[in-house]
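These protein sequences, in sequence, are chains A and B.
Going by our numbering, the letters in the first sequence line up with residues 22 to 514, in that order.
Going by our numbering, the letters in the second sequence line up with residues 153 to 496, in that order.
All the given hints hold, so there is nothing to weed out.
Cβ-to-Cβ under 10 Å is the rule here; a few derived chain B residues that face chain A:
#	residue
1	Arg203
2	Thr219
3	Arg230
4	Asn321
Below, a list of computed lysine-lysine pairs in the BS3-like style, where the Cα atoms sit at most 25 Å apart:
#	chain 1	residue 1	chain 2	residue 2
5	A	Lys134	B	Lys314
6	B	Lys316	A	Lys134
7	B	Lys469	B	Lys454
8	B	Lys348	B	Lys314
9	A	Lys134	A	Lys71
10	B	Lys466	B	Lys402
11	B	Lys296	A	Lys134
12	B	Lys394	B	Lys469
13	B	Lys296	B	Lys466
14	B	Lys394	B	Lys314
15	A	Lys314	B	Lys185
16	B	Lys466	B	Lys391
17	B	Lys348	B	Lys337
18	B	Lys184	A	Lys314
19	A	Lys134	A	Lys72
20	B	Lys337	B	Lys349
21	B	Lys391	A	Lys134
22	B	Lys348	B	Lys316
23	B	Lys296	A	Lys484
24	B	Lys314	A	Lys72
25	B	Lys466	B	Lys337
26	B	Lys394	B	Lys316
27	B	Lys391	B	Lys316
28	B	Lys351	B	Lys316
29	B	Lys454	B	Lys269
30	B	Lys351	A	Lys134
31	B	Lys316	A	Lys72
32	A	Lys484	B	Lys391
33	A	Lys321	B	Lys185
34	A	Lys321	B	Lys184
35	B	Lys296	B	Lys314
36	A	Lys72	B	Lys351
37	B	Lys342	B	Lys469
38	B	Lys394	A	Lys484
39	A	Lys71	A	Lys58
40	A	Lys134	B	Lys394
By construction, these hints were calculated from the structure, which means they are not laboratory data.
Where is the CB? At the ideal position from N, CA and C, for every residue including glycine.
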Amino acid sequence: MKRVYSTLLVLVFLLLLTAPIITLILTAPEIQWLSIKESIQSEQLRALGKKTASIAAWSSFLTVVLGVCLSSHIRATPKSIVWFILYGLCFLTSPYFLTQGWINAAGSLNFTKLLHSTTGLIALQTLYYLPFTAILISLTLPSHTEEQENTLALCKPNIIKKLLLKHSLYRFHLLSYFTLFFWLNFWQYEMPSMLRQTNYCLGLYAAFGSFFDYNQALGYTLYSARWALLTLPFLLFLKRGNSLDQRNLQPKNKLTWLRSLFLFTPPLLVMLIPSYYIIQELPDGQEIFQIYKNYTQDIKNTAYTSSIVALVTSLLCYILSTLFDSRKNNLIHFVCISLLITTPTILIGITTASLCTYAGISGTIRQFLAIGSAIFPLLLFSSTFLLARNSTSQQQTLKLSPLHYLRAQSPLIRKIYLPRYLVLCSIGVLLALKEVTSSLLNYPPGGSTLVLSIETMLHFDQKELVTTLCLFQLIFGFIILSPFLLSYHLLRR
Amino acid sequence: MISLRLYHTLKFSISLLPFLVLLSCSEQTDTKKVVVLYTSLDRPHSEPVIRQFEEQTGITVQTVYDTEAAKTVGLTNRLIAEKRNPTADVFWNSEVIRTIRLQEKNILEPYQSAEAKSIPSHMKDPDHHWTGFAARCRCFFFHKDLPSPPRELNDMLDPRWKGKFAIANPLFGTTNTHLGVQWQKWGAEKTRAFYKKLKQNGAIIVPGNAMARDMVLSGEIDFCLTDTDDAWSSILQDKPFKVSYPDQDKQSEGTLFIPNTVALIRNGPNPDTARELIDYLLSTEVESQLAHSQSSQIPLRKEVDTPRHVSEMKTLKIISADFPRASQTLDDAGQFIQTNFLEP
Chain A
22 MKRVYSTLLV
32 LVFLLLLTAP
42 IITLILTAPE
52 IQWLSIKESI
62 QSEQLRALGK
72 KTASIAAWSS
82 FLTVVLGVCL
92 SSHIRATPKS
102 IVWFILYGLC
112 FLTSPYFLTQ
122 GWINAAGSLN
132 FTKLLHSTTG
142 LIALQTLYYL
152 PFTAILISLT
162 LPSHTEEQEN
172 TLALCKPNII
182 KKLLLKHSLY
192 RFHLLSYFTL
202 FFWLNFWQYE
212 MPSMLRQTNY
222 CLGLYAAFGS
232 FFDYNQALGY
242 TLYSARWALL
252 TLPFLLFLKR
262 GNSLDQRNLQ
272 PKNKLTWLRS
282 LFLFTPPLLV
292 MLIPSYYIIQ
302 ELPDGQEIFQ
312 IYKNYTQDIK
322 NTAYTSSIVA
332 LVTSLLCYIL
342 STLFDSRKNN
352 LIHFVCISLL
362 ITTPTILIGI
372 TTASLCTYAG
382 ISGTIRQFLA
392 IGSAIFPLLL
402 FSSTFLLARN
412 STSQQQTLKL
422 SPLHYLRAQS
432 PLIRKIYLPR
442 YLVLCSIGVL
452 LALKEVTSSL
462 LNYPPGGSTL
472 VLSIETMLHF
482 DQKELVTTLC
492 LFQLIFGFII
502 LSPFLLSYHL
512 LRR
Chain B
153 MISLRLYHTL
163 KFSISLLPFL
173 VLLSCSEQTD
183 TKKVVVLYTS
193 LDRPHSEPVI
203 RQFEEQTGIT
213 VQTVYDTEAA
223 KTVGLTNRLI
233 AEKRNPTADV
243 FWNSEVIRTI
253 RLQEKNILEP
263 YQSAEAKSIP
273 SHMKDPDHHW
283 TGFAARCRCF
293 FFHKDLPSPP
303 RELNDMLDPR
313 WKGKFAIANP
323 LFGTTNTHLG
333 VQWQKWGAEK
343 TRAFYKKLKQ
353 NGAIIVPGNA
363 MARDMVLSGE
373 IDFCLTDTDD
383 AWSSILQDKP
393 FKVSYPDQDK
403 QSEGTLFIPN
413 TVALIRNGPN
423 PDTARELIDY
433 LLSTEVESQL
443 AHSQSSQIPL
453 RKEVDTPRHV
463 SEMKTLKIIS
473 ADFPRASQTL
483 DDAGQFIQTN
493 FLEP
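In isolation and in its complexed conformation, chain B is listed as follows (with noise of 0.2 Å):
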């Protein structure tokens, strides 16, 4: 009788086991240096970066990436959510606008890093809140076969492409930022103008401009309007593709630049290693890594070594853009998106 009941004691004990095994897989709680960040840079780019730091100085980076569809948005307005209580050290955007307007709600802390001082000053907050790095540009993605490809933004006004073109939701990413800056270089008036006909002209709005480009990979349309980084990881892979930069004529306005930031975030919980990859992110270090890297970004500082890619997009004509300025535009802009560009 003792047996039997020894032998059911011993079967169940056994049968824990597998649990306990599973469990030791839980959390570890270290006593590692550890820094907290958040970043709206397409994960298959930002993470060799993250890894590099950590192999170099040993700090764990715990990531918050955003999804897609949410890009920058989502995490800007995380960071206000949480401004009691903030969890983020580091905020690295893959834009600019959205960073400044955490500026205005007093959630980035100054930090005046060594490694900024080469940056061009017009890249940088002039009270050290935020600082720019590696850009990307504006530009339109199409099949190396399309016959007479669209190169300025008035294209896509074109009647010939009707329904044939995409775009991101403007009401995100570095298309909120290009809706910003376009109201205030362009003025209200014909900014709306201009989404109107847009929309007249059957512009597809997908989430964000990596669905725009697989739209053009799969053929589903003729071409979109993207960032350098998506349309330069699909070339970069040998695929049958090109891009073109608008408005590059000698009356045209240049195509739009757009730094990464980053930024210290106010009462983070870990502001010594935050300071520590503020300063790793703005080596020249990562400015080349990224440039070398599938996102082909542009560095800021003439110094850093890039492929020939990179390199003529550093001579391309760009807008002379007011980022806080375009900033405070962006109120009235997505309102009007909102109702008169994404309503059916």
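One chain only, chain A, in its complex shape (with noise of 0.2 Å):
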């Protein structure tokens, strides 16, 4: 009974990470073979490649580097939770406010043609995601043993060593660290955009957005699928990681002024400074009130569309990860959801509109369909890794209880199932707020989002509208993620 459950879900996985090959070549008016090596072998495509491929390996060498160090840091501090709070508070900074409080403080300070230069987006990007880096490395990355701890503390090694030492016995973590954040990057989408630069996931949606070219779309697909296909060993270290384990977070050192300085320049530079640029560059208070006026349309429908695709997808995740929880040994489901973590939102958002345009589906439901499939594969990635496990005592006390077995389950549900499905929806919250590339194609009329006007409206030299609704976007962001943290709140108590 166990194989066939196995067999089943591993097929459903292996539908959902072939799906956007398979829609593509079932929708598409016609493919040709021929065209599609073509696109494969066009220079075009191999430049943008290894453009964008090395791009994405500098900002994830330099994320990876940086969030190791802020980790160990968080984790030798007293008091890590204050850090673990501000630095999940800047997940509220989407791409698009990050880049434009930059882009305003280099119209200030002068530095305008560097951030548009590739070390800008490189800096950018390295910036974007070093907060969930340091949270993530810091919740999943495994203390030394003790025995390693005493050895290092006898030879008494200077920083190379020390480093060294380190760099062996992580370095298998590390190379999936980098894998995962590579792939990240390389899709990055709206970054890109705003700095006037290509790259492979805007190449990808020019191929299909513009001129719904299925045979250019499924070689720019194949071609980035056989390098994901090769790094996919590396992501398999990170099942070797610890789930959160109290001892990790004992305070081990003072909390000196330098490591404060240090551990606070990602929140410095990913929220504050930009939030600074984003409110020297608001026009006056009328305007503003006029925009919220012009806008109020886009804001309600950032409301509903991300609370309900939170609700719904999380509930999903959560459902399918509580399943992998009692299979914690099964490699393959590892491996589906480490592929599922590697496939672009930009392809999920092509394969969405192509699927509801061939079969005549439009409105609301394909703007929900094509935000929740793309956050599908961090939602249950974070579902799986950091939140669905539980602890082998409830699950002994829950089988020996002699109440029926929902009884059992009320408490369970009301005490650890819920407030974690809450906070597995605020990320959910969180990451379809900002999802851009999959609604693009697929947003109903007068379905437009913030996060959508923003992309429309970034080129016109209209540097006030732009940076209230980016201002917008991240006030609007917090007021809709605070119901699930109230609730979350109420139910904890």
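Take the two lone chains and join them into the complex the hints point to.
Have a look at this one:
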């Protein structure tokens, strides 16, 4: 029975993984393999692939190196929860907010040329993922064993030896983080678009979003898919990571001013400095109110789209991850989840557009499908690796309980499952609020959200409008998020 | 015990309240009259017109805008893809050639608007599948202190500008229209040679006209070939930049005028409100509004009141373009651009 169940799950995953390619092939008016081959071999695609890969590699390298440094300090300092909250708040900023903030700063401080260069793009991509990386590494990187710590202390190593030792302990984990962030950076759309640069994601959008060219879109997909498959083994080391281990969070060092400054740098660069320059460039109050009035519909659309999509997708992810939880050692499930993460949201958007156009599905359902499937992989990952794990004692208690299954479950539902579900919903809301690439091709007439409005307005020399919309996105993101946090608080009390 | 359970139930119910408030934001189904519009005109310029129509008629316009990178081509291809199940009622295109392509694919329904009578006949389809209004023209955009700025298209081939100018991707938007007209007027050989030389002279290709304009504004390049709406929207904000209109000498052929076009979609869900919207867009009131807006569009009717800088544009020497014939060249031209101009 267990085998049948596992096989079914794997089949579901395989279907999800191959869905983009299958859908494109099935719905395409005509597929010409020669044309696909040509597009894979085209110089333009290869050059774009190489350029994007090098930017993604640099950004990921910097993100992981800095993320490891930050996470080791977070874990070693007292009241690390403060840093977790602060870094968590950085999630609220979107790539548009961060980029617009720095564009405004560059205008004031006269480094626009540098910001619009490849170096600028690498710096922004590194900054954007840094808080998330620090949290993820803090929660999943295994600690040294006591023996290792003692050996290290006895050796009295200098900083280089220390780094080398840490490297030998962590190298495979670091490689898996690097791979994960490499793919997130590789499929970045918003930042290159704002900085007027081209990359692989924008190329794929142009191939399908502009021309509905199925052959070229398949060429792009297959070209990147083979690289994604090659990097898969590195992702597997994430599985060795521990879940949140209280021992890891025991403070070992004092919080010095230097350490505080270092830990405070990411929130400063990701949230505070961009916010300062966003506020600096705002128009007067009356104009802000006028913009608010003009974009009320977009704000409403943002609120209900992100909340409904988050509620439904999180439920699905939570159920799935609870199922995996009972099969912790199933490598195939892990492989499938890892591969899902490398599926770009732009491709999910294209798949949804292609399928919905073919089936005649339009309206809000199409938008929900697009955003839901775009945030699904990261939500499932978060749920499986950070939230879903029940302790063995809880499971034992449940099995031994003489009460009816539902009666036995009810306190668990109220105290454990629901709060976790709400945390997952909050992550879902944050991801849905920022999701642009999948909904760009799928939003219904009159269904533009704030993030889509920013995307359509950002190239029209209307800095004040875009700046105000970025601020709205941040404020209304927090307002939409607060019911989830409030409910979490009420249930946990 | 009971009170404890009641307490938990109440607490649980209260925790659900915020979601009810949140979900109350969701879409209201109402009996309001609606019309679905796909428009490729830049949102900052089209949105005020749409809002005014909503205020005057009480009809809600549900709009899909195009992104800068997919300009026009994205929406026309979406309309082609949706041919079996059309979602849109009206297509307001910022240029003309892609509208003609839709006509060729039998996606447009003929509609003769009473408002279109005074529009010149070469700016509308004789079978009433589409009607042109409010045009833009191609221009060079540069800093006002730039010494001897470009005056002709061939100036872009001058080595002194090597790598210092930008044009939008010729597969999209008005640059695509320009390419089609060049191919039709100059012939394939001359156009191919022109674009090859352009590439050799280091033309920077960006996804859209507005992005080319932004590069000039930020000082990254000396000038760009763009549309008047992108150029004038910056000049009217008191920025120290200027425009020049290409090929205005006696021997030259003039610059290209590209009208907006509006068309009714065949089998669209709201044909009645769609006709009302088309009538409104073709009115002199909208042409005047677009002329006075930052996009500075050029009215096709003489009687429309315009600001001074737009009146000057009305006197320009323009290419006599045959848009339907230019439309037929786009496949060959596009193929050439893709393989010989865009490939590194």
